[in-house]
Each structure stands twice: as C-alpha cells, then as structure tokens.
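Asks: Okay, so the sequence shown: first residue is 1 according to our numbering, each after it adds one.
In short, the hints are calculated from the structure, not lab data. Hints may contain errors.
[To be verified] As a list, the in silico DSBU-like pairs of lysine-lysine whose alpha-carbon atoms are at most 35 angstroms apart:
id	residue 1	residue 2
1	Lys307	Lys379
2	Lys493	Lys379
3	Lys457	Lys491
4	Lys274	Lys294
5	Lys434	Lys379
6	Lys274	Lys307
7	Lys508	Lys463
8	Lys508	Lys379
9	Lys294	Lys379
10	Lys463	Lys379
11	Lys297	Lys434
12	Lys508	Lys324
13	Lys463	Lys307
14	Lys297	Lys496
15	Lys457	Lys307
16	Lys449	Lys496
17	Lys449	Lys379
18	Lys508	Lys434
19	Lys324	Lys379
20	Lys496	Lys457
21	Lys457	Lys508
22	Lys491	Lys274
23	Lys449	Lys493
24	Lys496	Lys434
25	Lys449	Lys508
26	Lys307	Lys294
[As the list claims (entries may be wrong)] With beta-carbon atoms standing in for the labels, derived distance ranges:
id	residue 1	residue 2	range
27	Asp158	Pro69	26 to 32 angstroms
28	Gly97	Lys496	53 to 59 angstroms
29	Arg238	Pro28	51 to 57 angstroms
30	Lys324	Pro433	32 to 38 angstroms
31	Arg46	Glu383	41 to 47 angstroms
32	Ala40	Lys457	32 to 38 angstroms
33	Arg46	Glu477	42 to 48 angstroms
No residue lacks a Cβ here, since even glycine has one placed at the ideal position from N, Cα and C.
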Amino acid sequence: MASDSDLPPKMVPSRRRRKVGDRLSALPDNALERVLSHLASGEAVRSSLLSRRWRRVHEGVPIVDLVDPKTSGRRGSINNLRVCFDHTVTSAIISKGADTPIRTFRLQAFRPPYNLLDQWIATVTTSGVEELDVKLGYNQSSNHTLCPFGASRGASADFNQSDMNLYTNTHRHIFGCPTLRRLRLTNWTLDLPASVHMASLDTLCLTRIMDAQGELQQLILGCPSLAHLTLEQCPSIRDIAVTSPCLRAFTMICCHNASSVELHSTYVQSLHYKGGIPPRDSPFFTITNYEGIKAVKIEICEELSSKVPQDIAPITRLISQCEKLAYLHLSLRPSMAYCSSNFTSVLRGLDSLTHLSLQGCLPNHHAIRSVSTLLLNTKYLEELSLFPLGPEPPKEKKQTWEMGDDDAGTDSDDEPEDSIVTDGVEYSSGRMPKSLWRTYVECLEYNLKRINVANYKGWPLEKMLARFLLSRASALEEFSVTLAAGLYPHKTKTTKELTSWRWNRHTKVNCN
Numbered sequence: 001m002a003s004d005s006d007l008p009p010k011m012v013p014s015r016r017r018r019k020v021g022d023r024l025s026a027l028p029d030n031a032l033e034r035v036l037s038h039l040a041s042g043e044a045v046r047s048s049l050l051s052r053r054w055r056r057v058h059e060g061v062p063i064v065d066l067v068d069p070k071t072s073g074r075r076g077s078i079n080n081l082r083v084c085f086d087h088t089v090t091s092a093i094i095s096k097g098a099d100t101p102i103r104t105f106r107l108q109a110f111r112p113p114y115n116l117l118d119q120w121i122a123t124v125t126t127s128g129v130e131e132l133d134v135k136l137g138y139n140q141s142s143n144h145t146l147c148p149f150g151a152s153r154g155a156s157a158d159f160n161q162s163d164m165n166l167y168t169n170t171h172r173h174i175f176g177c178p179t180l181r182r183l184r185l186t187n188w189t190l191d192l193p194a195s196v197h198m199a200s201l202d203t204l205c206l207t208r209i210m211d212a213q214g215e216l217q218q219l220i221l222g223c224p225s226l227a228h229l230t231l232e233q234c235p236s237i238r239d240i241a242v243t244s245p246c247l248r249a250f251t252m253i254c255c256h257n258a259s260s261v262e263l264h265s266t267y268v269q270s271l272h273y274k275g276g277i278p279p280r281d282s283p284f285f286t287i288t289n290y291e292g293i294k295a296v297k298i299e300i301c302e303e304l305s306s307k308v309p310q311d312i313a314p315i316t317r318l319i320s321q322c323e324k325l326a327y328l329h330l331s332l333r334p335s336m337a338y339c340s341s342n343f344t345s346v347l348r349g350l351d352s353l354t355h356l357s358l359q360g361c362l363p364n365h366h367a368i369r370s371v372s373t374l375l376l377n378t379k380y381l382e383e384l385s386l387f388p389l390g391p392e393p394p395k396e397k398k399q400t401w402e403m404g405d406d407d408a409g410t411d412s413d414d415e416p417e418d419s420i421v422t423d424g425v426e427y428s429s430g431r432m433p434k435s436l437w438r439t440y441v442e443c444l445e446y447n448l449k450r451i452n453v454a455n456y457k458g459w460p461l462e463k464m465l466a467r468f469l470l471s472r473a474s475a476l477e478e479f480s481v482t483l484a485a486g487l488y489p490h491k492t493k494t495t496k497e498l499t500s501w502r503w504n505r506h507t508k509v510n511c512n
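Make a model of the complete structure from these sequences and hints.
Replies: Written out as structure tokens, the structure reads:
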C-alpha cells in the first residue's frame with residue numbers, strides 16, 4: 001500500500017494538510033505588514049476578512065493610500081457617497097495602532113472639505129510622515145495640460161480665469177515637518193508660512209501650482225537637502241535658482257512662462273526639459289557643472305517646421321555643453337529626429353554618448369532618413385530606443401477629467417488612439433529609397449548592441465525603419481519590440497518578419 005509521501009498533493013489526507021498549515025499566515029507581523037504595504041489601503045483592510053490571523057495586521061501598515069472614486073460634485077444623489085469617502089480617509093488614519101506612525105500618505109480627492117483636509121495633514125505630519133502625495137480635483141479643467149501648443153482649441157500656458165480662486169491653499173503644517181523626505185502636490189495654491197524649514201526633504205514635485213505671490217523660490221531655499229526637483233505646469237514660474245548643493249536631478253515640464261533656470265549644485269546628473277524653444281540669445285539654463293550631467297531628456301512641444309538653425313541654438317548649445325553625456329532623449333515635432341542636421345555636429349562631440357532615445361511621428365521616409373543622419377555621428381552608441389508616434393491629433397479634442405489617471409483628458413503629444421486616418425501620411429510606401437539604402441552608419445556596424453522599439457504597429461514606415469536598422473546592425477545582440485495592442489495577435493508573424501531582416505544571424509529578436 002502506498003504511503004502518504006507517495007500520493008499526489010491532492011490525495012494527501014486532510015490531517016497532513018492541516019499540519020502543514022498556511023505558510024503565509026505563519027510569517028511574523030512585520031513581514032505581513034511589508035506585504036500589505038504594496039497594496040492600496042482599501043485592499044489592505046480587506047485582508048482582515050481572510051482569517052483571525054489577518055484581522056489586525058493592516059493596522060500596523062504605516063501607509064495610507066486612497067483614491068476618491070468620484071470625479072464630479074459633492075451634491076445631489078452622490079452626496080452620501082462623498083461623505084463616505086471622507087469617512088474612509090479619517091478611518092484609515094485613526095485606525096493605525098499607537099505604535100504605527102504614518103510614514104506615507106497618498107491621497108487623490110475631489111474637493112474635500114478644507115477643515116477636514118487640514119486635520120488629515122496635521123495628523124500625518126505630527127505622526128512623522130516621510131512621504132506626502134496629495135492630488136486635488138475640482139472640475140474638468142483641473143486636469144487640462146497647461147501648454148499653448150496643445151491639441152485643443154484655446155490651449156493656453158496659464159490657468160483659466162474661472163480657476164483662479166478655486167484651488168485650495170496649501171496647509172502650513174507641511175512646511176515645518178522635520179521628517180518629511182518626499183513631497184508631491186498637485187492642483188494647489190501655494191501659501192507658505194513666514195519661515196520654511198524642511199531640512200530632510202529630498203524630493204519635491206509640484207504640478208499645476210498657483211503661485212500668485214511668487215513664493216516658490218522661498219520654498220526651494222527652505223529645502224537645503226533637495227536632491228530631486230520636478231516643476232510641472234507651473235505658469236507662475238519666471239526666474240528660478242536652485243541653491244541646494246545636493247541637487248542630482250531637475251525636471252521642468254510645460255512651465256512656458258519661465259525665462260531662466262539656475263542650478264548651482266555641482267552634483268546635477270539628470271536634466272529633463274519639456275516646453276517650447278527658449279529665446280535665441282537667452283541663457284535659459286545656467287548650470288554650475290555641465291560636465292557632471294550624464295542624462296538629458298529634451299521634449300519640444302512646438303513644431304520646428306518654421307524654425308531656422310539659430311532658433312534651435314539654445315537647445316543644441318545646452319546639449320553640447322554636457323560633454324560627458326551618456327544618455328540623450330529627443331522628442332521633436334512634427335517628426336522624429338526633425339532638423340537632424342542641426343544636431344549632428346553636437347552629437348559628434350559627445351564621445352561618452354552610449355544611449356540615444358528618439359520619439360516622434362514617422363510621416364514619410366524623410367523622417368527615417370533624419371534618424372539615420374543622427375546616427376552617423378554617434379560612433380560609440382551601444383543602445384538605441386525608438387518611440388514612434390501616430391499622426392498629429394486634430395486640433396480640437398474633447399477633454400475629460402479622471403481622478404485616477406494623471407494623463408487622462410490632457411493635451412499631449414503622446415500616442416493618440418488607434419484609428420483610420422487620412423492625413424497625408426505615407427502608410428503604403430514600404431520600399432526603401434536608394435539614398436537610404438546606401439547610407440553607411442558606423443555605430444551600427446561596430447558598437448550598437450541593443451535596439452528597443454516601443455508601440456510597434458507594423459505600419460510600412462515603421463517596417464522600413466526596422467529593416468534599415470536590422471540589415472546594417474552587424475554587432476547587434478538584441479532587437480526588442482513592444483507590440484501595439486492591435487498587432488499582438490500577429491506576434492509570431494511579426495517576429496518572423498523582423499528576424500528575416502537581420503544581418504547578424506545571432507541577433508535575438510524579442511516581441512512582447
């Protein structure tokens with residue numbers, strides 16, 4: 001007769017299974033709390049229904065992470081639901097055990113009562129919060145991108161007049177919290193106390209902040225340990241100087257009224273700028289140590305078709321000053337690598353550049369030629385990342401506001417929805433022009449090891465670009481493609497097609 005050890009797991013007697021027990025529940029409380037800390041607060045609380053062992057585990061999780069499920073007013077039939085969410089936040093805060101300080105507080109709320117919001121923030125700052133992330137919602141316009149080059153009619157770099165007195169003032173408890181290390185605020189009016197002292201603050205992210213009194217500079221000066229600063233859609237910014245000696249990364253996105261940025265830290269390694277072309281003779285960026293910058297991401301919102309080389313000079317000059325640059329991302333309009341001839345001389349002087357990333361539309365074979373022109377002067381390039389976009393969206397676009405999605409209802413130059421378009425884009429021109437076929441790119445033959453292509457739809461011009469790269473990349477080790485949703489059912493066929501274009505038969509083609 002077979003012993004219990006010889007039986008399949010499903011046939012082991014129930015008494016044996018009871019002895020083995022629930023291994024997850026057998027873990028100590030701190031391990032279970034670590035597991036629950038990766039869940040939203042509502043999900044963590046629901047774990048109390050699993051068993052007696054889990055009944056109070058969620059009380060020891062030092063995180064409150066809640067998203068308001070509603071995106072409209074607090075009146076009418078949903079009034080009770082809104083109060084319910086307010087109660088949910090309050091309960092999540094006060095349910096923590098006496099020995100459980102709230103270290104992380106993340107909240108997305110639609111017009112919460114000011115006094116109640118003040119109590120929440122005062123409680124968590126007193127508790128010793130280390131990360132505070134609060135995004136407020138008001139109406140549809142509170143999630144529109146503040147960019148004059150957006151796709152919607154009436155796109156602007158400034159807030160709507162109707163929003164001027166709508167945004168909630170920041171709570172002053174925040175700016176004296178000695179334990180706060182990471183602060184992210186979205187859709188607020190900046191209101192500072194007389195003195196700001198945030199000695200522990202390492203990361204500051206401000207999005208859609210009204211600052212009519214010009215207090216942002218005071219806030220930055222009150223953060224002596226600031227290492228990561230992100231300013232997004234803050235139209236009040238004009239001149240800004242960051243004096244923190246610890247600054248490592250600076251990001252400015254769609255702050256179109258800014259006229260100058262000074263970074264005095266010698267340790268800045270990463271720079272991300274998205275906006276329009278700065279004025280020709282304006283020293284828009286002044287950086288103490290250009291040679292310390294290793295990564296630069298440039299996204300130009302406006303079209304360059306009407307620009308001359310002198311107009312683009314502020315951007316090319318910034319890139320050329322970063323002589324030790326290892327990573328460069330360029331997102332240009334109206335097409336990928338547009339005005340490539342203006343960037344070639346700049347890339348020629350970047351001997352440390354090993355990773356180039358390009359984003360933009362592929363409207364015709366000239367865009368592919370522009371990509372090849374850029375590659376001509378990247379001798380030591382080891383990795384190339386491509387983010388092809390669809391055609392430019394129409395100018396007028398219906399806007400919506402969703403509480404849980406940062407990008408919903410925004411005017412963005414990111415990928416539009418899949419649709420059949422008739423805008424003059426060469427979708428059927430799959431034959432590679434002779435001039436492109438004869439182009440010799442040194443980095444493809446000797447150094448390039450990896451190519452990444454995102455959102456690949458299999459359009460003829462995307463195929464042309466992929467074939468050009470694969471047929472010349474003799475040193476290529478991996479060609480990785482992320483397929484668009486519509487092409488995923490044809491994954492096998494697409495993989496075979498890409499594989500057939502390889503010059504190097506050892507190149508691994510991955511389609512995901």
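Asks: If a hint holds in the structure, say so; if it does not, say that too.
Replies: Evaluated hints:
Distance hint between Lys307 and Lys379 is fulfilled; the C-alpha atoms sit about 28 angstroms from each other, no more than 35 angstroms. Of the supplied pair hints, the one linking Lys493 and Lys379 holds, its CA atoms being roughly 33 angstroms apart against a limit of 35 angstroms. Proximity of Lys457 to Lys491 is assessed by CA-CA distance (about 11 angstroms); at most 35 angstroms being required, the pair is judged to hold. Of the supplied pair hints, the one linking Lys274 and Lys294 holds, its CA atoms being roughly 18 angstroms apart against a limit of 35 angstroms.
Between Lys434 and Lys379, the direct Cα distance comes to roughly 23 angstroms. Compliance with the 35 angstroms bound is thereby established for this hinted pair. A threshold of 35 angstroms between alpha carbons decides the hint, and for Lys274 with Lys307 the separation of about 17 angstroms falls inside it, so the pair holds. At most 35 angstroms may separate the alpha-carbon atoms for a hinted pair to count; Lys508 and Lys463 meet this at roughly 17 angstroms. Our distance criterion of 35 angstroms between C-alpha atoms is met by Lys508 and Lys379, whose separation comes to about 22 angstroms.
Distance check on the hinted pair: Lys294 and Lys379 sit about 17 angstroms apart at the alpha-carbon level, within 35 angstroms; holds. Our distance criterion of 35 angstroms between C-alpha atoms is met by Lys463 and Lys379, whose separation comes to about 24 angstroms. Using a Cα cut-off of 35 angstroms, the hinted pair Lys297 and Lys434 holds, with the two alpha carbons roughly 33 angstroms apart. Between Lys508 and Lys324 the alpha-carbon distance is near 30 angstroms, which keeps this suggested pair within the 35 angstroms criterion.
In summary, the hint linking Lys463 to Lys307 is supported, as the alpha carbons are separated by about 29 angstroms, within the 35 angstroms threshold. A hinted pair counts as satisfied when its Cα atoms are at most 35 angstroms apart, and Lys297 with Lys496 qualifies at roughly 33 angstroms. For the proposed pair Lys457 and Lys307, the alpha carbon gap of about 30 angstroms is at most 35 angstroms, so the pair holds. Distance restraint check for Lys449 and Lys496: the Cα-Cα separation of roughly 20 angstroms lies within the 35 angstroms cut-off, and the hinted pair is therefore satisfied.
For the hint linking Lys449 to Lys379, the alpha-carbon distance of about 13 angstroms falls within 35 angstroms, and the restraint holds. Taking the CA atoms of Lys508 and Lys434, the gap is about 27 angstroms. The hint holds against a cut of 35 angstroms. This hinted pair checks out: Lys324 and Lys379 have alpha carbons roughly 15 angstroms apart, not beyond 35 angstroms. With a C-alpha separation of about 15 angstroms, the suggested pair Lys496 and Lys457 falls inside the 35 angstroms cut-off, and the hint holds.
Restraint check: the Cα-Cα separation between Lys457 and Lys508 comes to about 20 angstroms, which is no more than 35 angstroms; the hinted pair holds. Proximity of Lys491 to Lys274 is assessed by CA-CA distance (about 34 angstroms); at most 35 angstroms being required, the pair is judged to hold. Taking the CA atoms of Lys449 and Lys493, the gap is about 24 angstroms. The hint holds against a cut of 35 angstroms. Restraint check for Lys496 and Lys434: the C-alpha separation of about 25 angstroms stays at or below 35 angstroms, so the hint holds.
As the CA atoms of Lys449 and Lys508 are separated by approximately 11 angstroms, the hinted pair is consistent with the 35 angstroms bound. A hinted pair counts as satisfied when its Cα atoms are at most 35 angstroms apart, and Lys307 with Lys294 qualifies at roughly 28 angstroms. Take Asp158 and Pro69: their Cβ atoms lie about 30 angstroms apart, and the range 26 to 32 angstroms holds. For the hinted restraint 53 to 59 angstroms between Gly97 and Lys496, the CB-CB distance of approximately 58 angstroms keeps it satisfied.
The hinted window of 51 to 57 angstroms between Arg238 and Pro28 holds, with their beta carbons roughly 54 angstroms apart. Range check, Lys324 to Pro433: Cβ separation about 36 angstroms, and the 32 to 38 angstroms hint holds. For Arg46 and Glu383, the hinted distance range of 41 to 47 angstroms is satisfied, since their beta carbons lie about 43 angstroms from each other. Range check, Ala40 to Lys457: Cβ separation about 33 angstroms, and the 32 to 38 angstroms hint holds.
A C-beta distance of roughly 45 angstroms is found between Arg46 and Glu477, which places it inside the suggested range of 42 to 48 angstroms.
Checked against the numbered hints given earlier, this structure breaks none of them.
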